[in-house]
Structure formats: C-alpha cells, structure tokens
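2 protein chains.
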Amino acid sequence: MDQFKFKIISKDKKTSARVSEFSTPHGKLHLPTFMPVGTRATVKTLNPEELVDLNADIILANTYHLYLRPGSETVKKMGGLHKWMNWKRPILTDSGGFQVFSLALEKRPMQNTDKKLVKIKEDGVEFRSYIDGSKHFFTPEKVMQIQSDLGADIIMAFDECAPGESTHAYAKQAMDRTHEWAERCKKEHNKLQKSKKIKQALFPIVQGGIHDDLRVESTKFMAKLDLPGIAIGGLSVGETKEQMYHTLDVIKDYLPEDKPRYLMGVGTPEDLLEGVSRGIDMFDCVMATRNARHGSFWTKDGKFNLKNCGFKEIADPLMKNCGCYTCKNYSTSYVRHLYMENETFGLRLVTIHNLHFLLDLMSKVRTHIKNGDFTDFKDKFLKRYFKKS
Amino acid sequence: MDQFKFKIISKDKKTSARVSEFSTPHGKLHLPTFMPVGTRATVKTLNPEELVDLNADIILANTYHLYLRPGSETVKKMGGLHKWMNWKRPILTDSGGFQVFSLALEKRPMQNTDKKLVKIKEDGVEFRSYIDGSKHFFTPEKVMQIQSDLGADIIMAFDECAPGESTHAYAKQAMDRTHEWAERCKKEHNKLQKSKKIKQALFPIVQGGIHDDLRVESTKFMAKLDLPGIAIGGLSVGETKEQMYHTLDVIKDYLPEDKPRYLMGVGTPEDLLEGVSRGIDMFDCVMATRNARHGSFWTKDGKFNLKNCGFKEIADPLMKNCGCYTCKNYSTSYVRHLYMENETFGLRLVTIHNLHFLLDLMSKVRTHIKNGDFTDFKDKFLKRYFKKS
Numbered sequence: 001m002d003q004f005k006f007k008i009i010s011k012d013k014k015t016s017a018r019v020s021e022f023s024t025p026h027g028k029l030h031l032p033t034f035m036p037v038g039t040r041a042t043v044k045t046l047n048p049e050e051l052v053d054l055n056a057d058i059i060l061a062n063t064y065h066l067y068l069r070p071g072s073e074t075v076k077k078m079g080g081l082h083k084w085m086n087w088k089r090p091i092l093t094d095s096g097g098f099q100v101f102s103l104a105l106e107k108r109p110m111q112n113t114d115k116k117l118v119k120i121k122e123d124g125v126e127f128r129s130y131i132d133g134s135k136h137f138f139t140p141e142k143v144m145q146i147q148s149d150l151g152a153d154i155i156m157a158f159d160e161c162a163p164g165e166s167t168h169a170y171a172k173q174a175m176d177r178t179h180e181w182a183e184r185c186k187k188e189h190n191k192l193q194k195s196k197k198i199k200q201a202l203f204p205i206v207q208g209g210i211h212d213d214l215r216v217e218s219t220k221f222m223a224k225l226d227l228p229g230i231a232i233g234g235l236s237v238g239e240t241k242e243q244m245y246h247t248l249d250v251i252k253d254y255l256p257e258d259k260p261r262y263l264m265g266v267g268t269p270e271d272l273l274e275g276v277s278r279g280i281d282m283f284d285c286v287m288a289t290r291n292a293r294h295g296s297f298w299t300k301d302g303k304f305n306l307k308n309c310g311f312k313e314i315a316d317p318l319m320k321n322c323g324c325y326t327c328k329n330y331s332t333s334y335v336r337h338l339y340m341e342n343e344t345f346g347l348r349l350v351t352i353h354n355l356h357f358l359l360d361l362m363s364k365v366r367t368h369i370k371n372g373d374f375t376d377f378k379d380k381f382l383k384r385y386f387k388k389s
Numbered sequence: 001m002d003q004f005k006f007k008i009i010s011k012d013k014k015t016s017a018r019v020s021e022f023s024t025p026h027g028k029l030h031l032p033t034f035m036p037v038g039t040r041a042t043v044k045t046l047n048p049e050e051l052v053d054l055n056a057d058i059i060l061a062n063t064y065h066l067y068l069r070p071g072s073e074t075v076k077k078m079g080g081l082h083k084w085m086n087w088k089r090p091i092l093t094d095s096g097g098f099q100v101f102s103l104a105l106e107k108r109p110m111q112n113t114d115k116k117l118v119k120i121k122e123d124g125v126e127f128r129s130y131i132d133g134s135k136h137f138f139t140p141e142k143v144m145q146i147q148s149d150l151g152a153d154i155i156m157a158f159d160e161c162a163p164g165e166s167t168h169a170y171a172k173q174a175m176d177r178t179h180e181w182a183e184r185c186k187k188e189h190n191k192l193q194k195s196k197k198i199k200q201a202l203f204p205i206v207q208g209g210i211h212d213d214l215r216v217e218s219t220k221f222m223a224k225l226d227l228p229g230i231a232i233g234g235l236s237v238g239e240t241k242e243q244m245y246h247t248l249d250v251i252k253d254y255l256p257e258d259k260p261r262y263l264m265g266v267g268t269p270e271d272l273l274e275g276v277s278r279g280i281d282m283f284d285c286v287m288a289t290r291n292a293r294h295g296s297f298w299t300k301d302g303k304f305n306l307k308n309c310g311f312k313e314i315a316d317p318l319m320k321n322c323g324c325y326t327c328k329n330y331s332t333s334y335v336r337h338l339y340m341e342n343e344t345f346g347l348r349l350v351t352i353h354n355l356h357f358l359l360d361l362m363s364k365v366r367t368h369i370k371n372g373d374f375t376d377f378k379d380k381f382l383k384r385y386f387k388k389s
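In order, the protein sequences belong to chains A and B. Residue 1 is where the first sequence starts when you use our numbering, and the numbers rise one by one after that. Residue 1 is where the second sequence starts when you use our numbering, and the numbers rise one by one after that.
Careful: at least some of the hints might be erroneous.
What the hints assert, rightly or not - DSSO-like cross-link-like pairs, simulated, lysine-lysine; straight-line CA separation at most 30 Å:
1) A/Lys-328 / B/Lys-186
2) A/Lys-7 / A/Lys-187
3) A/Lys-328 / B/Lys-307
4) B/Lys-312 / A/Lys-320
5) B/Lys-197 / B/Lys-186
6) A/Lys-312 / B/Lys-241
7) B/Lys-300 / A/Lys-307
8) A/Lys-83 / B/Lys-303
9) B/Lys-186 / B/Lys-135
10) B/Lys-328 / A/Lys-196
11) A/Lys-76 / B/Lys-83
12) A/Lys-328 / B/Lys-142
13) A/Lys-312 / B/Lys-83
14) B/Lys-135 / A/Lys-303
15) B/Lys-312 / A/Lys-196
16) A/Lys-77 / B/Lys-328
17) A/Lys-199 / B/Lys-135
18) A/Lys-328 / B/Lys-83
19) A/Lys-312 / B/Lys-88
20) A/Lys-77 / B/Lys-135
21) A/Lys-28 / B/Lys-83
22) A/Lys-76 / B/Lys-307
23) B/Lys-312 / A/Lys-197
24) A/Lys-328 / B/Lys-77
25) A/Lys-77 / B/Lys-28
26) B/Lys-312 / A/Lys-77
27) B/Lys-83 / A/Lys-300
28) B/Lys-312 / A/Lys-88
29) A/Lys-303 / B/Lys-83
30) B/Lys-142 / B/Lys-76
31) A/Lys-199 / B/Lys-328
32) A/Lys-83 / B/Lys-300
33) B/Lys-328 / A/Lys-88
34) A/Lys-142 / B/Lys-312
35) A/Lys-241 / A/Lys-387
36) A/Lys-312 / B/Lys-77
37) A/Lys-83 / B/Lys-307
38) B/Lys-5 / B/Lys-312
No lab work stands behind these hints: they were computed from the structure.
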C-alpha cells in the first residue's frame, strides 16, 4: 500500500483539525477537502474541465447506480470509470450499501427490514432495483468485484447503514454485520488486488448509530483492520446535528491519526467546519449540487433562493467578490431568469457557485489551519453565516 | 448604415451560392452560416465559451419569449442582451411574429384566426401569453421598441407568418399586412436609431406562402425597402421540401445581390446545402439543439438516435474523425449512458456535436465555394448522408 501515502502537513493547536495529503494513483488529495458527488459517473450539469477549474481534487461515483445501469461490466469494457467519463483525477466509489438500504428505507420498520424490498442475510443483501423491480444480491465479495471493475482510486467496504433513530439493539446488529462484512471485503480486496495494475485503497466504514459504546467499539474494530483510510458512516441520516457532533467527539481519540478520515454524506458549510475541527479530512454530499437544482445557493451571509422575486433585476452576482465562473460573468438577474425558465445552463451556473463555495471554504480552512488561526476563521464564518441580515 | 457592410468574397459558377461577410457592431459574420437558437437568451445547455469554441459567429434570441419573461425592460436595465448573457459576438432577435401566430396555430383555422387566442387587427395583433393567458398587443412600432431594448445587432420586422398550406387569398392577406407592417417598422426603427449609440440592422421578411406570384411580389416589395438585409419567412412551416426549394428558385432573381439573405427556421443539413445553392447566406433552426435533447444526432452517414441499445458499448465517438469536444473526449457508450439517465451533461454533449456538425458543414461549404467545387462537395455529402448503411 505504499502508493497510498498519507502525510500530515500541519496540525491545529486548539482543535483536532489538520492539513494533510493523501496520494492515489490518479493524484494527490489536499485535505481537508470536499468531494463533489457524481452519482451516475457525472457530477450533475458539469464537465470534467469545470471540476478542474473548481479545484476538485477528487469526485465520487455510486456503485449501486452504476451497477444497475449501465452495469459495471460495461464500464470495465469501456476502460474503467476514469477513461469512460474523461476524468483524470482521483475517484472514490461508495459500496452501494447506503443505497441498497436507503432506497427501501421508507418501507422498512426501524427494527427490521421489509421482506419485499430488501432482505438482509448473513451472506449479503437481496434487494430490488429501484428502476424495474428486478432482484439483485450484494455480498461483500461482489461489492469488491464491482468496485474493482469500476476502477476508482478509493473504494468502500460494504456496510449496513442503520437510520439515525435506530435502537441500540438494531444499531448493534447492523454494526456487527458491518464488521463481519468489512473483514470479508478486506479478504476479497486483497485477492483482487494481486492481479491489478492500478491499485485501489479500501476504506472500512464505522457504524453504531448514535450509541456511544457502539461507535467506540466500531471505530476500534475498523482501525484494527489497518486499511489505508477510515470512514464514518451512518451520520446525517436522521439524527440531530448535536448528536452528530457528539458522536464525532466520542470517537475522535479512537480514529487512527496517520490515515485519512472520511465523514460520509455530510456537506453543509457549518458541518464541514465542525467536522474539520473534530479531525475529519474528507466529506461528500449531494446537497451542493442538489440544492443548486432547487435554486438554492450559499453565500457568506447564509442560504438564499433564486425563486425570490427580489432577485429579478439584481445586477450583482450571486455573491460579491466571489471568484467562481458564475459570479465573475453573470448577474443574479440572469441566473434567476435561467433558473425560472428551467434552462439547464442556469442549473449549471448555480452548481458551479455552490461547489466553489464549499471547495473554496475548504481551501481557506487549509490555509487557516496552517496559519494557526483556524478557530478564529471558523467562528467568524459561522457568526456571519448564521446572522440573519 | 455604413457599419452593416456586406462584401461578397466569392461566387460559385454553377449555382447561386456565394461566400460573403457582413459587419455588425459586435463582429463580422462569415457567410453562409448557421445561427444557433437561444430562445430565452441561452442556447439550451451551452455557455458562451462553448459557442465560441464551436465558431458560432452569431446566435438568435426570441423577442416573444423575452418580452413575456423577464420583460424587455428588465433586459434593458441589466445592460442589454449582450451584457446580460455574457455574449460578445453578434445577436439577432426575431420579431415575435412567428410565435404570436404559431403558438395559437392549432386553434386557428387556416383561413382565419381564432378569436380567443390571437386577434389580428390592421394596427397590430392581440394575443394571449402562452404562460398565463394574459392579454398583450403587438404593433410593428412596439416590436421595434422591444427589439431596441433587447439590443441585438440584427432585428426583424414584424410579420404574419401564414401556414404552409394557406390558400392564395389568405396568404395574400397576410402578405399585404406584412408589407404594411414592414413599412411601419422601418419608420419606427429610423426614429429609434437616432438616439442609439449602437446601431441595429433591420431585416424585412418576405412572405407569400407557396404561391409563386405572391412570393415574387413580396420579394420585390421588401427589396425596394432597401434595408441592410432581407429574410425569407413562412417556409418550413408545413409545405413540402420540394415546395420550399421551388419557392427559393422562384424568388432567387428578385433577391438583392448586395445584401445578406436569411432563410428563417430552416436547419437540416440537406436544407442548408439546398438553400446555399439557391443563394441563401443565413439560416437558423431549433432542430440541432432540440434533436439533441431527444437523443438524435447527425453524422456524415445520416441521423441516429442514442436510444438504440446497440450503442451501449460502443467505444468510438458519435462520429469518427469529428473535431467536436464531444467526439474528441467521449465514447458513444458514455454519451448514451448520460442520455438514458437523463443527465443534462449528456444533452450538452449531443447539442455540442449537432451544432458542430452544422457549423462545420457551413465552414466546409465556404471553403468549397471558394475552391470552385461546391456542387461536387454537396453531391457527395448528400449521397453519403442519404445512403442507408
């Protein structure tokens, strides 16, 4: 695993925040960072050049969606994800676990699983496609094989993500299964790696719901697997923000110091800052891109929506002094017009702005950790962001 | 009108095709050319940089749509179309006439107008908004004022576009009205021009349906107005291709030689070639961009559709040796995947390819006219294009 080198550049004195680098076959990650989500092998509305302009070090793709359509064999035949989508920088694929469970979530009682949509067995999970209802079976081994076909730089172990409100008993059951699956993933991954020219880093996923004892147990277990990174799953799935921050505080001291730590599915500006201060290095979330498609955009003064008719004749950009392509070239008036007319270029412009907002925030976070004034920066940012103007 | 200089560079010996240049305040048009349509001040899915990459000399915007939303006063307040949409090259706005009539077309008997949706009076046309049913009134004068507010380089006279199957009597009535309106447009336009810093070229629109005598009469009438260009409307609106080509043959000798000639709403590869050989210099059509959104793309071997499952694992681009961004960077497999998943980036990729196909065709047309082998080129292109492989 020599090529997945992790190097700490700078540590904050007041918090657990740190600046680091993680090397992958397709380039270096500058951490902490935010990873734009490209569910179906495309970050919605953007092309790779625009993502490079945004300084995105790495993007995500979803195993579950690509397995169902067009199929991981197709992506493999076409030369793997990087070649297929013309993206030369690192890619991370998730394990599909979250989707397998969450796309059946509404039908699932909190304590058990719906027999029709998702059937959990010790060997793996049987689920029905959200597209056509066809039956599929994921095992840890199969998920490793699929992710091997897709060819991302970082791949995730198969896990069961229990909802935020899960009882201790159910959260423990899901955690125990996740632990067993992680071991099986590691074994299968090691086997697959032998024949691989380009190596992949496997990250296990800590689970345990909002139960401190389970979270500590799970963190210790996953740390022991000694894989090149570690992820924290099962947060931002229904629990409160306080519960999420508390859980991060609880596990902080059990996370390996010398490996990148990835908090899955988290992506508001405030959660990034709180996560970084609790030692998190990587984040991903569809919010930046999904909100954009709903007309919602971030500024230093909070969140706004283009539907507001007050924006109709605003000649200023979405955010003053913003360095993104959108704000450098277009008025709020024009972006609003495109959005109101359902023009896809409008969605692209807001997506660019929102992703720039998060990626630029993380770039500033790295600078301020290095400068030793991260806490000041964070406090000032949050004060202005939450102050209603 | 000195700034709207028209210069013929080269004439074909066998046909009426010619290569020419037309100067506007925002740059020179290299004719013959195709003009991408940006109905709502955006060429669907593309940004201005992509249009520049495609070598688009000029784009269209629609007066009718922009008048209704966001309103021409808003565009004027925001600095005019060029500034608002960040497009530095020439723009042409249509008069709104086509939309006023065509958006009520289905409800309108061929011989008369539906009282409820559109009411034609000598003074102008009363119509209801396609958005909210609100009542509006367009006169030739008002249409000039709106287009003055929008600020395009080339603007169009207000016309009544009679459907392709119109009787002689109805086509004559619509033509006579169009003639009177053209004179009123010219008068109002001259008045508005006096206070303008940046000049606009007004083009009148020849009408007359598929009736040779009316078309000749209309062409003579519009030529006499001595405006900087001339447009042919009312074609490609329900008549056959043969009728359209015939009409162009009939009016050919009455079109002013020393002015750009614009065939409105026409845009298949074969129609561009047939139009050019009949002396047409400018074309526009939504087909290239609309087809793209339906998965349809052009190649030298004809028209294809991405829905075809045979494209699923094709590693080749949409068209071999194509110089467009899409074909240089993406496999048909990936473009199809994006299209099937309804990803807007897929629509962008097909739009780029289709527009490149037409713009590149026109660039080749210019070269071959200059080289003296335009007819050869045209024949070979059409033979291959229509040969079913």
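Structure-inconsistent hints, enumerated in ascending order: 1, 3, 4, 6, 7, 11, 12, 14, 17, 20, 21, 25, 38
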